[in-house]
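Those sequence lines, one after another, are chains Y and L.
Under full-length UniProt numbering, the first residue of the first sequence is numbered 1, with each subsequent residue one higher.
Under full-length UniProt numbering, the first residue of the second sequence is numbered 1, with each subsequent residue one higher.
If you are wondering where the hints come from, they were derived from the structure by calculation, not from laboratory data.
Warning: the hint list may mix true and false statements.
Any copy will do: because identical chains look the same in the list, a pair fits if it lies in one copy or spans two.
[Claimed, not checked] The calculated DSS-like cross-link candidates involving lysine-lysine, where the alpha carbons are at most 25 Å apart (straight line), are: (1) Lys-53 - Lys-208; (2) Lys-54 - Lys-208; (3) Lys-109 - Lys-208.
Number of protein chains: 2
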Amino acid sequence: MEKRRGDRVAKLPTIRRLPRYLTVLRRLMSLGREVVSSSYLADELRVERIVAKKDLEITGITGRTGVGYVVADLIDAIEDFLGWNNTTEAFLVGVGNLGSALLGYEGFKSYGLDMIAAFDTDPSRIGRMVQGINVFSLDKLPDLAERMHIQMAVLTVPAESAQQVADLLVNSGIRGIWNFTTINLRVPEGVLVQREDLAAGLAELSVKMRRDHE
Amino acid sequence: MEKRRGDRVAKLPTIRRLPRYLTVLRRLMSLGREVVSSSYLADELRVERIVAKKDLEITGITGRTGVGYVVADLIDAIEDFLGWNNTTEAFLVGVGNLGSALLGYEGFKSYGLDMIAAFDTDPSRIGRMVQGINVFSLDKLPDLAERMHIQMAVLTVPAESAQQVADLLVNSGIRGIWNFTTINLRVPEGVLVQREDLAAGLAELSVKMRRDHE
Chain Y
1 MEKRRGDRVA KLPTIRRLPR YLTVLRRLMS LGREVVSSSY LADELRVERI VAKKDLEITG
61 ITGRTGVGYV VADLIDAIED FLGWNNTTEA FLVGVGNLGS ALLGYEGFKS YGLDMIAAFD
121 TDPSRIGRMV QGINVFSLDK LPDLAERMHI QMAVLTVPAE SAQQVADLLV NSGIRGIWNF
181 TTINLRVPEG VLVQREDLAA GLAELSVKMR RDHE
Chain L
1 MEKRRGDRVA KLPTIRRLPR YLTVLRRLMS LGREVVSSSY LADELRVERI VAKKDLEITG
61 ITGRTGVGYV VADLIDAIED FLGWNNTTEA FLVGVGNLGS ALLGYEGFKS YGLDMIAAFD
121 TDPSRIGRMV QGINVFSLDK LPDLAERMHI QMAVLTVPAE SAQQVADLLV NSGIRGIWNF
181 TTINLRVPEG VLVQREDLAA GLAELSVKMR RDHE
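Assemble the whole structure, with the sequences as input and the hints as a guide.
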């Protein structure tokens, strides 16, 4: 098995597909399967076999002809590539409907994301526990972020306050913002924003459905 | 102003950006602004001006040199293109954390999506109201879908039951599934699945943050 690091050249679609391989591989692992072929993985992800092979190469693992991939090794390699073998602690800001749901979403733990505290400005939410996580006043965030060395935040505040809260996050040393708001945040160089755009997905589905009807 | 329909040639990134133009335009409208330049829109969306111009051309509207776009016209054209001027009624299946949150997410209404009923198999959820929406037993879905001519469903069930529920949806006449589960659904030709993959977004952010640290 050849080991090769390709971090810097990984294409975005590949990176975005990796969690899906992980889901399939973990299921196989739980069923006691030790090896898996690239065609099986390709079929599960609905991609061409060559695409699956190229995707997985990026993690440094190549399958053996006629044998395939060792499931446990491939899981390790993908988790390692994504940095999901080490838990990343994050804050969540904005404990409304979407924020509360994300706090309770079990899936994130298996992606190495641990939301350890939540923040809000609404006095009726501060001091409560939501999904087992403490909700603090937003003005406590800078101090806690520094003391706990938190670098990632999930942003689920209303659109009106999104930029202001993002500024606070940046000034508190947050380096990565997972942005669930509809706002295009302005952040200084070196701060990463990943926008989760539910409306974009809906737009895609709407247009495709309309085309089918024409 | 030239009117031209480009439905069939619209590229995916363009389609996915349209809701963001809509957000900006609706804000301008609420501020009483009547016209807007392509550079303003490009700046708000963090894209090149030529990209914004090309994106918006797809809706059949072209801006006038030195004047720009008429805000109200552009809103109409984008909504028309996306089919969001007519409300699409949808069912939501799976009233867990994420499902409940989506039922309460105000944003969908402004995208023309109206979730009119929810379904679950958990007796403790059936018969209740969640976010003002009735939760019915899943076995009522086929009959209700037919009677109400529902064609779109939002799928927020656990991974284990995702495929089984998708089969039920397809057999009930659902033509578009907005899939929030981690499963790659198998559906017959003619049924559209839009996968909303939160893990993919997190993977992207994780890899970018790790790269920055290297």
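Query raised in the report: Is it within, between, both or neither when you check Lys-109 against Lys-208 at 25 Å Cα-Cα?
Result: Answer is between; shortest inter-copy Cα gap is 19 Å, intra-copy 33 Å.
Report task. At 25 Å max between alpha carbons, let me know whether Lys-54 reaches Lys-208 within a copy, between copies, both or neither. Result -> between (29 Å within a copy, 20 Å between copies)
Query raised in the report: Given a CA cutoff of 25 Å, do Lys-53 and Lys-208 count as a within-copy pair, a between-copy pair, both, or neither?
Result: Answer is between; shortest inter-copy Cα gap is 22 Å, intra-copy 29 Å.
The structure meets every hint from the earlier list without exception.
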